[in-house]
Amino acid sequence: MNYPILPCGDCAVTVQVGYEISEETNRKVVSLMRALAEAAIPGLRELVPSYSAVCVHYDPEQISYEQLLERLNDLEIKELSSESASQKIVEIPVCYGGEYGPDLAFVAEHNGLSPEEVVAIHSGGTYLVYMLGFLPGFAYMGGMDERIATPRLASPRARIPAGSVGIAGGQTGIYPLASPGGWQLIGRTPVKMFAMEGETGRFALSAGDRVKFVPISEEQYREMEGEV
Amino acid sequence: MMEILRPGLLTTVQDGGRMDYQAFGVPVCGAMDWISLAAANILAGNEWDTGALEITGMGPAIRFEQDCVFALAGADFSATLAGQPLAPNGAWLAHKDDVLEMGAAKGGFRTYLAVAGGLDIPKVMESQSTCLAAGFGGFEGRALKKGDRIGLREPQLWLKGLPQRMIDPLYDPDAPVRVVLGPQNEAFSQQGIETFFESEYKLGVQCDRMGCRLEGPSIALKEGRSPNILSDGIVMGSIQIPNGQPIVMMADRQTTGGYVKLGTVITADLPLMAQKRPGDTVRFEQVTVRQAQAARLYRQRKLKNLQGELDRFDRW
Chain A
660 MNYPILPCGD CAVTVQVGYE ISEETNRKVV SLMRALAEAA IPGLRELVPS
710 YSAVCVHYDP EQISYEQLLE RLNDLEIKEL SSESASQKIV EIPVCYGGEY
760 GPDLAFVAEH NGLSPEEVVA IHSGGTYLVY MLGFLPGFAY MGGMDERIAT
810 PRLASPRARI PAGSVGIAGG QTGIYPLASP GGWQLIGRTP VKMFAMEGET
860 GRFALSAGDR VKFVPISEEQ YREMEGEV
Chain B
99 MMEILRPGLL TTVQDGGRMD YQAFGVPVCG AMDWISLAAA NILAGNEWDT
149 GALEITGMGP AIRFEQDCVF ALAGADFSAT LAGQPLAPNG AWLAHKDDVL
199 EMGAAKGGFR TYLAVAGGLD IPKVMESQST CLAAGFGGFE GRALKKGDRI
249 GLREPQLWLK GLPQRMIDPL YDPDAPVRVV LGPQNEAFSQ QGIETFFESE
299 YKLGVQCDRM GCRLEGPSIA LKEGRSPNIL SDGIVMGSIQ IPNGQPIVMM
349 ADRQTTGGYV KLGTVITADL PLMAQKRPGD TVRFEQVTVR QAQAARLYRQ
399 RKLKNLQGEL DRFDRW
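These protein sequence lines map, in sequence, to chains A and B. Position in the first sequence (from 1) plus 659 gives the number in our numbering. Position in the second sequence (from 1) plus 98 gives the number in our numbering.
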């Protein structure tokens, strides 16, 4: 591979695969992640993907900086095609409007649409998970239709329940845990974005996944509550 | 059990950190000062990264409900056990109902209280560290409060070398903090990089487990460069410069960030940053990755030697 490798202290490097937010750059990130996982380079500890880079954590007692650079430069990456990179589609059930989506009416009004049209547009698209960050399990997703873009609330709410699905500008996202926030809430999912089972954590989404929102009723919401 | 009679400024359970979940946005957390955590655990006869109480600024008062060996390592909090003064770095036997009283930090900002045999705190995602931002891990996902009672896993009644199980400080807290350039040093002007390494910076009031905001001469970007980048991974010690003033990202940092990073504080010197308090000053010194790795190895060898000495230290 011939991507720039930038030092991040003495235990990590950043591999810069591009400089933009795009599906193509995300494919490069995912391809690099897979190539690194397959190469199983001794001493590599943790890979942290982002929009256009992968932060590679390593143990300098097992592999020196120079050895790491050599192994990374020798790495052969099979670039994924647009089809194979986006095979995994994660369906996220969402109960839109009502008490779960108190801002659905505002989003509709702001865009000159009916609430039903907002739901149809939001659940009609598929969204690419570029990266996770900000909070455990929070996915930065792209691909929202501009017709439902809405600015953030003028004053943020003190507490937004976990699972809330919101819109902020041209972005949509899911709150993985209860937190303060200024997103326009249009619905809520009963699916947990992350769960701690015993010692290990489980996460609904990873970088490179595609998300599809599936409208459900309040009754279905209550039935599914607690599932992961 | 240990009962918290007074929690102090900020007392949390921390271990070596929560690795392997950063790709899912989970902060690493863990001890701010890895050397003092390791030293406390070595003194207590534990594995280096065993969960301990991280004590900040103003210390707690803790009552031991059973006999047990415990250790302290880090800044001097003028600790007393049942009224008897304790050295800043050492291990002792506490008897049932003894009270450990700690005051304000001197010569540093944090210390670690390790109990021989470990704390009975469940692991979450393979770590005992408290994640304050998301409210999980450690003791109920939060800082300790008055009345909390913490279980002990395998309390020990004696360790080799007691009551002389003590050590000297493991690093010079006033030494310059060494930094490796990157990942975005090319965004800064040569003048800007010189300013950073030639000036003294003061820790602002906004210094906590997430990061240390520094105040000093403004660090210039190259002409026309924005301080914003596409968010990418940040590590402990990453030096973000959003508006000319540096922020050193620490244990509770978010996993990714969107500001240019001039450099990274080297692993060996993270404890120096962790022991600074608001108002203290810091100077930075540039080193290569190779030098940084050698410095890390040097600190680890020192800890290993210490462990070897204590293991041989048998007065019986």
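It is possible that part of the hints are untrue.
To be verified - Here are the computed distance ranges between Cβ atoms for each label pair:
#1 B/Lys-204 with A/Glu-805: 39 to 49 Å
#2 B/Lys-204 with A/His-769: 50 to 60 Å
#3 A/Glu-884 with B/Glu-238: 34 to 44 Å
#4 A/Gly-801 with B/Leu-103: 44 to 54 Å
#5 A/His-769 with B/Ser-316: 47 to 57 Å
#6 A/Gly-702 with B/Arg-323: 32 to 42 Å
#7 B/Glu-145 with A/Gly-702: 15 to 25 Å
#8 B/Arg-323 with A/His-769: 29 to 39 Å
As the list claims (entries may be wrong) - One side of the interface only, derived from the structure: several residues of chain A facing chain B at Cβ under 8 Å:
#9 Leu-665
#10 Ala-699
#11 Pro-810
To be verified - Restricting the straight-line Cα-Cα distance to at most 25 Å, the calculated cross-link-like pairs of lysine to any residue (SDA-like) are:
#12 A/Lys-851 with A/Glu-750
#13 A/Lys-851 with B/Asp-118
#14 B/Lys-300 with B/Glu-383
#15 B/Lys-221 with A/Asn-770
#16 B/Lys-244 with B/Pro-261
#17 B/Lys-400 with A/Asp-718
#18 A/Lys-851 with B/Gln-352
#19 B/Lys-320 with A/Ile-664
#20 B/Lys-243 with A/Ile-664
Hints in this document: simulated from the structure, not taken from any laboratory. Even for Gly, the Cβ is constructed at its ideal location relative to N, Cα and C.
Hint check:
no. : hint                                 : verdict
1   : B/Lys-204 with A/Glu-805: 39 to 49 Å : 58 Å, violated
2   : B/Lys-204 with A/His-769: 50 to 60 Å : 57 Å, holds
3   : A/Glu-884 with B/Glu-238: 34 to 44 Å : 23 Å, violated
4   : A/Gly-801 with B/Leu-103: 44 to 54 Å : 52 Å, holds
5   : A/His-769 with B/Ser-316: 47 to 57 Å : 40 Å, violated
6   : A/Gly-702 with B/Arg-323: 32 to 42 Å : 34 Å, holds
7   : B/Glu-145 with A/Gly-702: 15 to 25 Å : 21 Å, holds
8   : B/Arg-323 with A/His-769: 29 to 39 Å : 35 Å, holds
9   : Leu-665                              : 4 Å, holds
10  : Ala-699                              : 15 Å, violated
11  : Pro-810                              : 20 Å, violated
12  : A/Lys-851 with A/Glu-750             : 12 Å, holds
13  : A/Lys-851 with B/Asp-118             : 20 Å, holds
14  : B/Lys-300 with B/Glu-383             : 15 Å, holds
15  : B/Lys-221 with A/Asn-770             : 47 Å, violated
16  : B/Lys-244 with B/Pro-261             : 30 Å, violated
17  : B/Lys-400 with A/Asp-718             : 18 Å, holds
18  : A/Lys-851 with B/Gln-352             : 20 Å, holds
19  : B/Lys-320 with A/Ile-664             : 21 Å, holds
20  : B/Lys-243 with A/Ile-664             : 45 Å, violated
Hints 1, 3, 5, 10, 11, 15, 16 and 20 from the list above are not met by this structure, while the remaining hints are.
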